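Chains as they are written, first to last, in numbering that gives the first Met the number 0: chain A, 0 to 353; chain B, 0 to 198; chain C, 0 to 173.
Rather than coming from a laboratory, the hints here were simulated on the basis of the structure. One or more hints might be untrue.
[Claimed, not checked] Straight-line alpha carbon distances no greater than 20 angstroms define the calculated SDA-like cross-link-like pairs of lysine to any residue that follow: (1) B:Lys38 <-> A:Trp31; (2) B:Lys27 <-> A:Ile302; (3) B:Lys38 <-> A:Arg42; (4) B:Lys27 <-> A:Thr313; (5) B:Lys95 <-> B:Arg71; (6) B:Lys38 <-> A:Thr313; (7) B:Lys39 <-> A:Gln40; (8) A:Lys328 <-> B:Tyr21; (9) B:Lys27 <-> A:Phe209; (10) B:Lys27 <-> A:Ile310; (11) B:Lys39 <-> A:Phe51; (12) B:Lys13 <-> A:Gln321; (13) A:Lys328 <-> B:Thr15; (14) B:Lys38 <-> A:Trp38.
All figures in this text were calculated on a predicted structure; none of them were measured in a lab.
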Amino acid sequence: MLVIWSFIIYKAIMCVAVFAVSLAIAAYSTWWERKFAGWLQDRYGPKRAGPFGLFQPLADGGKLFFKEEIIPNVSNKFLFILGPSLVMITALMTGAVIPWGRPLHLNNGDIFALQITDLNIGFLYLLGVVSVGVYGIMIGGWASNNKYALLGAIRASSQMISYEVAMGLAVIALVISSGGSLSLTDIYESQGDGGLANVCWQPLGFIIFFVCALAETNRAPFDLPECEAELVGGYHTEYSSMKLGLFLFAEYINMFISSAIMAGVYFGGYNMPEWFENLYRSHVSLDTFAIIGMACYVTKIFIFISVFMWIRWTIPRFRYDQLMNLGWKILIPLSLLNLALTVGVEFLRGNITI
Amino acid sequence: MQLTNRRKVVSDKKQTVMEQLYLPGLLKGMLITGSHLFKKRATVDYPDEKRPIAPIYRGLHVLKRDDNGAERCTSCGMCAVACPAEAITMESGERKKGEEHLYREEKYAKIYEINMLRCIFCGLCEEACPKEAIFLTDRLVDAEYERDDFIYGKDKLVEKMDQRIDVTKRQTPEVLEFKKIKGLKHNELHDPKKLKDKH
Amino acid sequence: MSTLLLNIPVTQYMFYFLSFVAFLCAIMVVASKNPIHSILYLIITFFAIAGHYLLLNAQFLAVVHIIVYAGAIMVLFLYVIMMMNLNEDTESHKHIYLKFAAVGSALLLLITLVAALKGAEKLTAAAPLNTNVGLIKNLGTTLFGEYLFPFEVSSILLLAAMVGAIMIGKKDIK
Numbered sequence: 000m001l002v003i004w005s006f007i008i009y010k011a012i013m014c015v016a017v018f019a020v021s022l023a024i025a026a027y028s029t030w031w032e033r034k035f036a037g038w039l040q041d042r043y044g045p046k047r048a049g050p051f052g053l054f055q056p057l058a059d060g061g062k063l064f065f066k067e068e069i070i071p072n073v074s075n076k077f078l079f080i081l082g083p084s085l086v087m088i089t090a091l092m093t094g095a096v097i098p099w100g101r102p103l104h105l106n107n108g109d110i111f112a113l114q115i116t117d118l119n120i121g122f123l124y125l126l127g128v129v130s131v132g133v134y135g136i137m138i139g140g141w142a143s144n145n146k147y148a149l150l151g152a153i154r155a156s157s158q159m160i161s162y163e164v165a166m167g168l169a170v171i172a173l174v175i176s177s178g179g180s181l182s183l184t185d186i187y188e189s190q191g192d193g194g195l196a197n198v199c200w201q202p203l204g205f206i207i208f209f210v211c212a213l214a215e216t217n218r219a220p221f222d223l224p225e226c227e228a229e230l231v232g233g234y235h236t237e238y239s240s241m242k243l244g245l246f247l248f249a250e251y252i253n254m255f256i257s258s259a260i261m262a263g264v265y266f267g268g269y270n271m272p273e274w275f276e277n278l279y280r281s282h283v284s285l286d287t288f289a290i291i292g293m294a295c296y297v298t299k300i301f302i303f304i305s306v307f308m309w310i311r312w313t314i315p316r317f318r319y320d321q322l323m324n325l326g327w328k329i330l331i332p333l334s335l336l337n338l339a340l341t342v343g344v345e346f347l348r349g350n351i352t353i
Numbered sequence: 000m001q002l003t004n005r006r007k008v009v010s011d012k013k014q015t016v017m018e019q020l021y022l023p024g025l026l027k028g029m030l031i032t033g034s035h036l037f038k039k040r041a042t043v044d045y046p047d048e049k050r051p052i053a054p055i056y057r058g059l060h061v062l063k064r065d066d067n068g069a070e071r072c073t074s075c076g077m078c079a080v081a082c083p084a085e086a087i088t089m090e091s092g093e094r095k096k097g098e099e100h101l102y103r104e105e106k107y108a109k110i111y112e113i114n115m116l117r118c119i120f121c122g123l124c125e126e127a128c129p130k131e132a133i134f135l136t137d138r139l140v141d142a143e144y145e146r147d148d149f150i151y152g153k154d155k156l157v158e159k160m161d162q163r164i165d166v167t168k169r170q171t172p173e174v175l176e177f178k179k180i181k182g183l184k185h186n187e188l189h190d191p192k193k194l195k196d197k198h
Numbered sequence: 000m001s002t003l004l005l006n007i008p009v010t011q012y013m014f015y016f017l018s019f020v021a022f023l024c025a026i027m028v029v030a031s032k033n034p035i036h037s038i039l040y041l042i043i044t045f046f047a048i049a050g051h052y053l054l055l056n057a058q059f060l061a062v063v064h065i066i067v068y069a070g071a072i073m074v075l076f077l078y079v080i081m082m083m084n085l086n087e088d089t090e091s092h093k094h095i096y097l098k099f100a101a102v103g104s105a106l107l108l109l110i111t112l113v114a115a116l117k118g119a120e121k122l123t124a125a126a127p128l129n130t131n132v133g134l135i136k137n138l139g140t141t142l143f144g145e146y147l148f149p150f151e152v153s154s155i156l157l158l159a160a161m162v163g164a165i166m167i168g169k170k171d172i173k
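Let's have the full structure, built from the sequences with the hints guiding it.
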């Protein structure tokens, strides 16, 4: 019975930790986005609130909480509130299956897994949650009873469905080349202990996945659902106060999670290059090793988030037909080709038998 | 005619394979933006650090007093006439006995208002002034919440005696000479040399 | 009564709860006037059914059910209905014969389903015992071994449907 209780407590700690870290990273992503954009544009970025503007997210959050909240008269109130909540819920749910590091060994002999749950269909769970996430945007956009919001919602949904197909195909190729397991822990582990990172076997798949991740998180150059030049504010035109904040926040959480996934499944997550590992591995305990691995993972995630932002502040938004052409006519055939190539290569490597 | 060496002839030619791939172009663009990470900032950290302002910058006006502390303005209205934006209004008053230390001339401006939202800071008022009373300074007009607050009255325009505003940069001999060349007759009256000749 | 309730395992409670949700929302799909609400209830129904799959240890099926039905097909439904801007007042009045015909065909479908499920009692009892039945590996071996032919035939059916949809959607056929 004690084992079960400690298990529940560990999982609860992990849940709260992932929840808090997601929110904190999302908050500080907004700060980093502005700072980074400032540097890219030869500016300072936020620097008035606290040292280096570090309290800027708190100021922004406080402002959003205290702003007047407007719910349009003609909107469907329940769905209007449900929309941003759903977006936030699904964004936070995705963190549940990601292994953040190797398990820690506690003093009382227990093992503390740095992962909320290791589903054997972890990757499919991610795809499922992401595909449900679009409902929040759709419901919110529709319930606003505003044509711009509706158009934004429709753009978001069609875009996400289109790019989910290519993403799914890229994932299948990845799973084939990394040993045939959909569990994220297995995929991460397959890249450790001298194994190459999956990006070496799946360069094309990685590019496809990366483009799809940009599209799924509604980041530039695929941020057409909130294209202010055409649609005022897109699906969140009618939103104000913290409900708007939830939409914006969820975007950053999605960005964090997709960076974590890409850094994990394509770049090894908490694994390090072998030569780097050999430098110190014999000198440190297993727990220190796990923590160094986690730091390595965080660094990779940080680089990915920065690349997301770098892309956003470099290239302009696509036109809508270009977006659809890229999704259906280029990425899906490419990902099918990638799948076929992967199967061929794996057959030659002897990992697949008939 | 070629104005710059950066012009490009627009054409609708087919994209080359490299251009169609998009990724090389994307990487090139990202390198360009990335290189700006290491470039000098184009902005300054404004309230803490200010860009140098030219000494003859045309900013907020000042109504000068003379060395005894009397207002120089005689409410002649030349500045209001000269003002292209019609930003200046004034109302004259007659100097009473015992007010000689306040106003230099017998006639003075009871009300003198400049609408800073209309003013284009061209400096024509300064040029037209026969009494060397109004000058533009290197100070800036503050931000306000209400439009009414931008109508500056004498309380804001007239300089305080304990914190006089230096306008020698804008009142050099060359400037006085220039005013004469412009043929503004009234300026001649105050030319100290001319005055001396007359007497 | 209380002892009876305690003797039932937790999964049983979840089964009843999910069935209740599924039934309620299925009724609401038909009953609600606003087509958008119908769709949203249908999505909840799908989630309840995905929960049933989980109870049967079919995790893969549950997640794929959510990805395909809730995540893709219902999004398209919602998409189309949002675009059409259907409201309560634009609902056309159906003829009484049409209503009778609808009820009749629904009853026929119910009878068919009941008849089909009557013979499948043994299957439902056996399924939860084997915890590995829902794993992808087993599912794949079964699908591409035992049921290869029906699987390929259904894929051809889907392909035909896709081609048909494109043909209908095309503006001018030469």
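Verification of the hints:
1. B:Lys38 <-> A:Trp31: Distance of about 19 angstroms is within 20 angstroms: holds.
2. B:Lys27 <-> A:Ile302: OK: Lys27 (chain B) and Ile302 (chain A) at ~19 angstroms, within 20 angstroms.
3. B:Lys38 <-> A:Arg42: Answer holds: Lys38 (chain B) to Arg42 (chain A) is near 10 angstroms, not above 20 angstroms.
4. B:Lys27 <-> A:Thr313: holds (10 angstroms)
5. B:Lys95 <-> B:Arg71: The hint holds at about 16 angstroms.
6. B:Lys38 <-> A:Thr313: With a Cα-Cα distance of about 16 angstroms, the restraint between Lys38 (chain B) and Thr313 (chain A) holds, given a limit of 20 angstroms.
7. B:Lys39 <-> A:Gln40: holds (10 angstroms)
8. A:Lys328 <-> B:Tyr21: holds (15 angstroms)
9. B:Lys27 <-> A:Phe209: holds (18 angstroms)
10. B:Lys27 <-> A:Ile310: holds (11 angstroms)
11. B:Lys39 <-> A:Phe51: holds (18 angstroms)
12. B:Lys13 <-> A:Gln321: Measuring from Cα to Cα gives roughly 16 angstroms; hence the hint holds.
13. A:Lys328 <-> B:Thr15: Given that 20 angstroms is the threshold and the Cα spacing comes to 18 angstroms, the pair holds.
14. B:Lys38 <-> A:Trp38: This hinted pair holds, its Cα atoms lying about 9 angstroms apart.
The earlier numbered hints are all upheld by this structure, with none contradicted.
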